[in-house]
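Kindly produce the complete structure, drawing on both the sequences and the hints.
Chains as they are written, first to last, in my numbering: chain A, 1 to 175; chain B, 1 to 505.
It is possible that part of the hints are untrue.
[What the hints assert, rightly or not] Not close to chain B: a few residues of chain A, all C-beta gaps over 10 Å, as computed:
id, residue
1, D6
2, P7
3, V25
4, R67
5, L72
6, T73
7, G74
8, L98
9, L123
10, L141
11, L142
12, R161
[Unchecked claim] So the derived label-pair ranges between C-beta atoms look like this:
id, chain 1, residue 1, chain 2, residue 2, range
13, A, S164, B, E196, 48 to 54 Å
14, A, I103, B, R238, 57 to 63 Å
15, B, R286, A, L33, 55 to 61 Å
16, A, V171, B, I123, 54 to 60 Å
Since the hints were made in silico from the structure, they are not lab data. Every residue gets a Cβ at the ideal spot worked out from N, C-alpha and C, and that includes glycine.
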Amino acid sequence: MSAAPDPNMRREMIEIGVLFVANLVFLFVVVPLGIEDPARFGFGEGLPPSFSADLVGALVAVILGGRFIQLLTGRVDGYRATGSGAGPAEPVEEGQRLQLSLIGMAAAVLFAVILVPVLGFYLGAWFFLFSLLGLLGETRLLHLIVLPPVVVLLVWGMFDRLLSVRLPSGVLFDG
Amino acid sequence: MDLILEGLSLTFTLESLLAICIGVAAGQILGAIPGLTASMAVALLIPYSFYFSPWVGIPMLMGMFKGSLFGSSITAILIRTPGTPAASATVLDGYPLAQQGKGGKAIRMALYASVFGDSFSDICLIFFASLLAMVALSFGPAEYTVLIAVALGSLGMLSSRPAWKGLIAMLLGVAIGIIGLDPISATPRLTFGNPELEEGIGLIPMLIGFLAVSEVFRQMAGSIADLSGRAIRYSTVREDNRVSWPEFRSCLPVLLRSSAIGTVIGAMPGLGSTVAAFIAYGEARRTSRHPERFGKGALEGVAAPEAANNAVSGANLIPLLAFGIPGDIAAALILGAFMIQGINVGPLAFSENPVPLYAIYGALLIANLVNLVIGLGMTHIARVAFSVPRRLLLASVLVIASAGSYALRGSLFDVQLVMLFGILGYVMIRFGFPTVPLLIGFILMPLLEENLRTVLLLSSTYDEGILFVFSRPAFLSLSGLLALVLSVVVWRRRRRGPTQPLSDS
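Written out as structure tokens, the structure is:
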């Protein structure tokens, strides 16, 4: 009977599996749909446009396959657990750590996709800063009221005044 | 000589000097603020630099980069938070010195070592880059293809453990670089009918997203208490805040050795300043008469990594200026700025129009002096930067990054791309995939594709087909040399075990 695989190794195998499937989708769905090779473009004519994408997919498959065989045969060198690089995190804190990052990411996406196009850059930035500071644990009302406008003013001064860059005004205030 | 003087005259103007001063000062401040790394600071400044002439914008970037490298050591020393991975080794003895109330002394030593290492490698750059360029003149598309392919592979492999993750990240960067119109047939590639993608993915959203925004998300992955900022204490004793001449003299051998280590490592694409800093630290400890002091507040333990990591920054410009190949992300950023400002680098630049290169040399040397002068003042006012609450800083970086990415092309799509790349970068970091090879892959991909396709087109004119490359002495020599170097690197890597990754994670 063989010993149970190391948890880190098992995790890496899952990562390889997920990436392998994603690579198959890239090679057999995304590339054929996304790149249409014109006629008369072959190897003698400086390669077809899809060559680089196909080569990337093939190389990824080779690398993933090679690593998978290494893991299967136990021929892995210097394996180190993956992660943020900040050392092992306390399991209890992990949820909160991820939660704050997810909050930041969600707020950033909302800012770029909704706030800026609708409210414009400066108003959107003020609302974004106010909300994000609150979500990240700022409880002092004075800081929440004073700091976002200060940052927005600095950005306005730097872009609008100093560099003459007009940041988007938003559909609500356009024209 | 006339060309040298002409080049230097471009940077010895009031505007350039002022730009360097502003760049250095801004770099030191941004570098001193946790969360804004040297590369991030440069990435954030790049959009603004386009609004100035090349000889104001480029010196400002150089000054910003040099200033932020020193600035990043301030956070490493005072709050055990290296602004960049390169300052990680500085923590080892800098932080114990700060705990002993000698933070001012450690920061000054870091400043002197940074300027020493920078100047050392800049002088090497001035003398060796042109020699390398003469060799590189014999290179054609075949040699470039091999060189870029090997650089991509080695950067990918060396930047992470396990190496496959670095390679996959690099290939992802190459895949993103494919998006846009095909350079030969003008066929849309992976655009899916989106006209915004036909121009290709912009360099700025890539750099800001993967460097600045992903780092913000990573730093948010702390507790609420972590985001509330930290207090710093300064000693009021004069001796604790200065480096005496005997102290500096005792560090001179370490400074010379570490600068040489940093210069050699910096000239080789793929190793980077973090590796150099740790190797120099290890060497300083190995050769010290008092190795037991290391890790407990040895001044040499601050001098060695700082001299080495700054020496890398200058030496990284050797492959950049000689071959057009960036050795690390900072050099890649600077290459991006050169490209957008219309400054050519590479072997032809030395023979056809060397004036801009001499101007760059001048800017580098001036920036070192300015870094020293402004750095001395910065040691006194550093504490102001630390009073910025971390959560405000992180949120502000997102706003500034968005504004910077919009400014270049006036496209909201770029702002959305920045956030998308930030999230992708964060996910990569969490799963141990370095983002630096991705960016290098993205930047080098067009060069590789162009040269490879040229080789294939050329091969159709030869009877022997693609095998014509083996009739080129430069191709054979380069391939042999690169194979030898790679074998040694892989052998040493296997022998010594894990090395410090290049990545910003």
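Of all the hints numbered above, which does this structure not satisfy? Sort the numbers upward. Going through the list in order, the structure violates hints 4, 8, 13 and 14 and respects the others.
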